[in-house]
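> One line per chain: the protein sequences are A and B, in this order.
To convert, note that position 230 of the first sequence is 229 in numbering that gives the first Met the number 0; the numbers rise steadily by one, no gaps.
To convert, note that position 121 of the second sequence is 120 in numbering that gives the first Met the number 0; the numbers rise steadily by one, no gaps.
Among these hints, one or two may not hold up.
Stated by the list, open to error - Stretch by stretch, here's where chain A covers chain B in the computed footprint (C-beta under 8 angstroms, at least three residues): (1) 10 to 17; (2) 64 to 73; (3) 100 to 111; (4) 137 to 145; (5) 161 to 175.
As the list claims (entries may be wrong) - What follows is a set of in silico ranges between Cβ atoms, one per label pair, in the way DEER data are often shown: (6) 137(B) to 219(A): 55 to 65 angstroms; (7) 160(A) to 126(B): 33 to 43 angstroms; (8) 140(B) to 27(A): 20 to 30 angstroms; (9) 153(B) to 191(A): 18 to 28 angstroms; (10) 175(A) to 145(B): 31 to 41 angstroms; (11) 121(B) to 209(A): 35 to 45 angstroms; (12) 169(B) to 80(A): 53 to 63 angstroms; (13) 219(A) to 173(B): 29 to 39 angstroms; (14) 80(A) to 173(B): 54 to 64 angstroms; (15) 142(B) to 221(A): 47 to 57 angstroms.
Because the hints were derived from the structure by calculation, they are not lab data.
Beta carbons: idealized from backbone N, C-alpha and C, even for Gly.
Listed below are the residues making up each chain.
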Amino acid sequence: MNGLGDLRTYNPLVKVLGPVPVMVYVVTTRDVLTPALVALGAFAVLAVAGRQSPRVLAAIAGGAAALTVVMTFSFGLLTDPALVADTTVLATVGGFEVRSGALATGLATAVRTVALMMLVLLGGLTTSGADVVRAMTQQLHLPYRVGYAALAALRFVPRFGHELEVIRGAHRVRGVAPGRGPVVAVRRQAGYVVPLLAGGIRHAERVSLAMDARGFGAHPTRTERTVVPFGARDVVLLLSFWAGAAACAVLAATLTPA
Amino acid sequence: MTSVTTRYLMTCAAIGAALGVLLIPANFVSAPLAAAAPMAYAPMVGLWIIGPVLALALLRRPGAAVLTTFVAGVVSSASPVGVYSIVTCLMAGAAVELAFLVTRYRVWRPWLFFVDALVFGAAYIASGWVAFDMGSMAPVVLVTFVVLMLGSFLACTWLGLFLAGRLARAGVARGLAPARGSATPAEVVPDAAR
Chain A
0 MNGLGDLRTY NPLVKVLGPV PVMVYVVTTR DVLTPALVAL GAFAVLAVAG
50 RQSPRVLAAI AGGAAALTVV MTFSFGLLTD PALVADTTVL ATVGGFEVRS
100 GALATGLATA VRTVALMMLV LLGGLTTSGA DVVRAMTQQL HLPYRVGYAA
150 LAALRFVPRF GHELEVIRGA HRVRGVAPGR GPVVAVRRQA GYVVPLLAGG
200 IRHAERVSLA MDARGFGAHP TRTERTVVPF GARDVVLLLS FWAGAAACAV
250 LAATLTPA
Chain B
0 MTSVTTRYLM TCAAIGAALG VLLIPANFVS APLAAAAPMA YAPMVGLWII
50 GPVLALALLR RPGAAVLTTF VAGVVSSASP VGVYSIVTCL MAGAAVELAF
100 LVTRYRVWRP WLFFVDALVF GAAYIASGWV AFDMGSMAPV VLVTFVVLML
150 GSFLACTWLG LFLAGRLARA GVARGLAPAR GSATPAEVVP DAAR
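Isolated chain B (complex conformation) (with noise of 0.2 angstroms):
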């Protein structure tokens, strides 16, 4: 732990308020908008991952996602579900981080975001399958059900991806990510040298 920086984390953290904030209405709408029309709360789902995309795709450092996450669980605690947004916000984190952990934090492309949130969406499909007894629902629903869900998440990676490239333009977070390829050895100072 001693190898990460304050800077890291309050910056993680501020991310992750962020998102809190923007979950507590949803963990307000979607218990009973998932209750009552479940095609309506399938476009949601992708809400919870803007907050880890961005995160990583602005720090490029191992842990971003799940410690935005974090944060973000315990601001929207102030919800119906309480603490256990804590747990929601930490699987997705967790699972948006698995990728860049599998590549080793190498990979930064924007290919990669969209392949984990391809993957990341079948597997909450899965276990919304058993809980939602989604094999006893006709087929025409159910395949509205997985496309509306899966472009959910491909939207809001992308929209994760475009705000990390908006704020890196803006020159927040700048010597606190690794050098970008576009960016000037001269540019990145490191941490200790500001």
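Pulled out of the complex, with its shape left as it was, chain A reads as follows (with noise of 0.2 angstroms):
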């Protein structure tokens, strides 16, 4: 049953690109069972090979349904209502007139959505970002130096919870923007901004004298401490992706009535 094994151990590239013609490609549909199928075949992917917990899954299929219902609701609304004055009016909701044929649109819509989002969990739940760094550097010949700046800005982020508690201090301790209120809650975040981001690049220049100090960039390539392998594997994943979609694609057409 599992032949495709864990989906976490491929190439985050084909994991993350190789949905993108699928994408588009439901982009472009205007039925409901075309993109319904897609959702389905990427959740049953996810459900085996994505090694999630059944709680995330059962999440995602929660989410799923509930966003089906609220976005055929919502779309079904903004539905320009001479378009589908010709079907039949289902109930009246305050003077507005709820159609069939809005709500239809609305669900294509609505069905639409969730087979995009199923196609980015794929990628995205079973790929780490730092990850796809790695991908990019040593498959797509990204410059190293740029991969390892954005691997150097992860680390960034718990920095700036720091620098935003001295900034607080600070700015507490010279009575700025003092005083209770919304209003004043407002100033007195707003007035955090500038500081941060000129912390932040501060820190930044320090972190790249060290690097140059330590010769970051001095050769054309390097070696690297995690390396991302791209096999034959990925090929017949990729291929299995497109595969998938267009069988979903075949298999909608026969079912829909000519």
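Dock chain one against chain two, each of which comes alone in its own frame, and use the hints as you go.
What follows is the structure, encoded as structure tokens:
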């Protein structure tokens, strides 16, 4: 059954860029069945090979169902009444007629969005940002200095928290925007933005000096601590993504009454 | 790549990290909001271009917008859309960069940033046209949607420029950006001489 193995061990580029042609195709569909089949297929792959906890899978399924219901109505309301004037009136809410044609348009938009969401989650839940950066430097030949700048930026985030505490303390000591109430609170928060950015950039400049001092970027290539392989199994996964999507399209075409 | 200093790379990384932190909650909110109430989502779309506008206006160097959004995408991949935020962010960064590429990085006046925002906004709405099936929406809804989105892009461009101005006045990135009109030559020390 589990011939696919663990989706997390495949090359990130295949998982992220592989579904993109499928997404473009899904966006152009207007029926309900094709995106529904794509969504179910993507969810099945995620459930079998994604190694996600049952709780996460349940949340995705529940979220998709809720999204479908909410979007059917919200986009149904946005539909131009003139386009669906010849369809039956299902209900009248406060003088506003809910027509079946409007809901059908809303449902198609909803299912399309859910299919896109599933395709995004397929790669998104099984890949970390750092792995994508490593794959980009190793397979796509992104200059490694850019890649490592991005990896270093991930370490800046906890530092922002610390920096914010320092700035808060400094502002409090100097009595910047004192008082209570929502307006003052907003003014106080807005006052943190420029010092926080300035502090972050100055920290980055110190880091860059340290990097230069250690000879970062002195050589055209460098060794990698974490190797992200790209092999035959990645090609197989890529082809099976596209084959699965094509199968969904064919199945939907045969199931739809002409 | 050897022509780009590490200081420039890391400065873009810092701005990108800040934008990325801002985008994590935005990613959480935007997907359900776009689904339930597209009208409430429309004013949010500008958030994605604050970073690239800020970086370009502050550093005035080629590639600053794309680099910043790349880093922002990596940092904000800790959200439901995961690593796709890299693709989303890079698209925004490339769009902001494009206007300056076309003018060969010689024009840095604010009007170019605003024109850029309008053009990108129009292109973004055109792409959303297909996904949201906007052709089937009521005309009043459509006009509100377009006005809110363009307004959001313009307001966030203004915010990016404002923050860049404040940071430049605080002396951040001095010597990294080419000399501004107001700076005296003595103030601008080349990177190597610091």
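> Hint by hint, note whether the structure agrees.
Structure-based check of all given hints:
Only residues whose beta carbon comes within less than 8 angstroms of a beta carbon in chain A count, and the stretch 10 to 17 of chain B has 8; three or more means the coverage holds. Here the stretch 64 to 73 of chain B counts 5 residues with a CB under 8 angstroms from a CB of chain A, which clears the bar of 3, and the coverage holds. By the rule of at least three residues with a Cβ nearer than 8 angstroms to a Cβ of chain A, the coverage given for the stretch 100 to 111 of chain B is violated, with 0 such residues. A count of 3 residues in the stretch 137 to 145 of chain B with a Cβ less than 8 angstroms from any Cβ of chain A is obtained; the coverage claim is therefore met, three being the minimum.
For the stretch 161 to 175 of chain B, the assignment as covered by chain A holds, since 6 residues bring a beta-carbon within under 8 angstroms of that chain's beta-carbons and 3 suffice. At about 58 angstroms, the beta-carbon gap between residue 137(B) and residue 219(A) stays in the expected band of 55 to 65 angstroms. Between residue 160(A) and residue 126(B) the beta carbons are some 35 angstroms apart, a value that agrees with the proposed interval 33 to 43 angstroms. A C-beta distance of roughly 22 angstroms is found between residue 140(B) and residue 27(A), which places it inside the suggested range of 20 to 30 angstroms.
Taken as a hint, the range 18 to 28 angstroms holds for the pair residue 153(B) and residue 191(A), whose Cβ atoms sit roughly 24 angstroms apart. Between residue 175(A) and residue 145(B) the beta carbons are some 39 angstroms apart, a value that agrees with the proposed interval 31 to 41 angstroms. Between residue 121(B) and residue 209(A) the C-beta distance comes to about 44 angstroms, which sits within the given range of 35 to 45 angstroms. Between residue 169(B) and residue 80(A) the beta carbons are some 54 angstroms apart, a value that agrees with the proposed interval 53 to 63 angstroms.
Between residue 219(A) and residue 173(B) the Cβ separation comes to about 31 angstroms, which falls inside the hinted range of 29 to 39 angstroms. Here the CB-CB span from residue 80(A) to residue 173(B) is close to 59 angstroms, well matched to the stated 54 to 64 angstroms. In this structure, residue 142(B) and residue 221(A) meet the distance hint of 47 to 57 angstroms, their C-beta atoms being roughly 53 angstroms apart.
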